[in-house]
Amino acid sequence: ELKVEQNPLFLSMQEGKNYTIYCNYSTTSDRLYWYRQDPGKSLESLFVLLSNGAVKQEGRLMASLDTKARLSTLHITAAVHDLSATYFCAVELNYGGSQGNLIFGKGTKLSVKP
Amino acid sequence: EPEVTQTPSHQVTQMGQEVILRCVPISNHLYFYWYRQILGQKVEFLVSFYNNEISEKSEIFDDQFSVERPDGSNFTLKIRSTKLEDSAMYFCAIRPGTFSRETQYFGPGTRLLVL
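Residue numbers (the working numbering), protein chains in the order written: chain A, 3 to 116; chain B, 43 to 157.
Derived by calculation from the structure, the hints in this document are not laboratory data.
It should be emphasised that the depicted structure is a prediction, and the values quoted were computed from it without experimental measurement.
It is possible that some hints are incorrect.
[Stated by the list, open to error] In silico PhoX-like links for lysine-lysine, alpha-carbon gap of 25 Å or less: (1) A/Lys-43 - B/Lys-84; (2) B/Lys-120 - A/Lys-58; (3) A/Lys-58 - A/Lys-19; (4) A/Lys-111 - A/Lys-58; (5) B/Lys-84 - B/Lys-99; (6) A/Lys-108 - A/Lys-19; (7) A/Lys-58 - A/Lys-70; (8) A/Lys-115 - A/Lys-19; (9) A/Lys-5 - A/Lys-108; (10) B/Lys-99 - A/Lys-5; (11) A/Lys-5 - A/Lys-70; (12) B/Lys-84 - A/Lys-108; (13) A/Lys-43 - A/Lys-111; (14) B/Lys-99 - B/Lys-125; (15) B/Lys-84 - A/Lys-111; (16) B/Lys-84 - B/Lys-125; (17) A/Lys-5 - A/Lys-58; (18) B/Lys-120 - B/Lys-99; (19) B/Lys-99 - A/Lys-108; (20) A/Lys-115 - A/Lys-5; (21) A/Lys-108 - B/Lys-125; (22) A/Lys-115 - A/Lys-43; (23) B/Lys-120 - A/Lys-43; (24) A/Lys-70 - A/Lys-108; (25) A/Lys-58 - A/Lys-108; (26) B/Lys-84 - A/Lys-58; (27) A/Lys-70 - B/Lys-120; (28) A/Lys-111 - A/Lys-5; (29) B/Lys-120 - B/Lys-84; (30) A/Lys-108 - A/Lys-43.
Given the sequences, and given the hints that come with them, work out the whole structure.
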């Protein structure tokens, strides 16, 4: 059974600071996704990482994937209040016959304070 | 970004009643998924639907659940006899590409409350 673990689960940051969210998973997969969820809202796709060593950046967020270590990171640079949300990583099941079902971590609730 | 709408946005039902949740992708897609999120918890996969049939389902997706595309566009999730623990946010997701190289886009969700 594929397990996806995120840490930390809660993160309180000051504006302007940097931090990293970690996502470990338990079995082979070369596809990992990061989503953002605002309270009461749907999931917004942030990044799709499709190969070992993939790195993607959008604004103050940068995501990377190390498939050998089964680890993805979401790095936040110079946090601003607008980044406050819950961030989920999700690993894709891509074994033979699977249609790409996503297994999610528990999410990291990020709160950025002035 | 592909658009997906879901109806209703909220539904309150009595335990034991049937509910049908609808997902309407704006354009044609091959891959459809249902996920649920119990309040404050992680998102859980329920079922995937490809080429008009179920391709995979989780342990949560028992005999009380069913999915179909009745008219080739709407994608529905039916819960035959709801239980209290079915209360959750239900998300439909689509994958637009022919190959699994794109992300899954999530609809706005249906909040289901079973009393």
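A quick look at each hint next to the structure:
1. A/Lys-43 - B/Lys-84: holds (14 Å)
2. B/Lys-120 - A/Lys-58: violated (38 Å)
3. A/Lys-58 - A/Lys-19: holds (20 Å)
4. A/Lys-111 - A/Lys-58: Holds, at roughly 21 Å.
5. B/Lys-84 - B/Lys-99: holds (17 Å)
6. A/Lys-108 - A/Lys-19: The hint holds at about 23 Å.
7. A/Lys-58 - A/Lys-70: holds (18 Å)
8. A/Lys-115 - A/Lys-19: This hinted pair holds, its Cα atoms lying about 10 Å apart.
9. A/Lys-5 - A/Lys-108: OK: A/Lys-5 and A/Lys-108 at ~10 Å, within 25 Å.
10. B/Lys-99 - A/Lys-5: Cα-Cα ~17 Å, so holds.
11. A/Lys-5 - A/Lys-70: Holds, at about 16 Å.
12. B/Lys-84 - A/Lys-108: Given pair B/Lys-84, A/Lys-108 holds - Cα atoms ~5 Å apart, limit 25 Å.
13. A/Lys-43 - A/Lys-111: Holds. A/Lys-43 to A/Lys-111 sits at ~14 Å (cutoff 25 Å).
14. B/Lys-99 - B/Lys-125: holds (19 Å)
15. B/Lys-84 - A/Lys-111: holds (11 Å)
16. B/Lys-84 - B/Lys-125: Holds - the C-alpha atoms of B/Lys-125 and B/Lys-84 are around 19 Å apart, at most 25 Å.
17. A/Lys-5 - A/Lys-58: Roughly 23 Å between the alpha carbons, so the hint for A/Lys-5 and A/Lys-58 holds.
18. B/Lys-120 - B/Lys-99: Roughly 14 Å separates the two Cα atoms, so the pair holds.
19. B/Lys-99 - A/Lys-108: holds (20 Å)
20. A/Lys-115 - A/Lys-5: violated (31 Å)
21. A/Lys-108 - B/Lys-125: holds (23 Å)
22. A/Lys-115 - A/Lys-43: Status holds; Cα separation ~21 Å.
23. B/Lys-120 - A/Lys-43: holds (22 Å)
24. A/Lys-70 - A/Lys-108: It holds: about 22 Å lies between the C-alpha atoms, which stays within 25 Å.
25. A/Lys-58 - A/Lys-108: holds (22 Å)
26. B/Lys-84 - A/Lys-58: holds (24 Å)
27. A/Lys-70 - B/Lys-120: Answer violated: A/Lys-70 to B/Lys-120 is near 40 Å, above 25 Å.
28. A/Lys-111 - A/Lys-5: holds (19 Å)
29. B/Lys-120 - B/Lys-84: OK: B/Lys-120 and B/Lys-84 at ~21 Å, within 25 Å.
30. A/Lys-108 - A/Lys-43: Within the cut-off at roughly 16 Å; holds.
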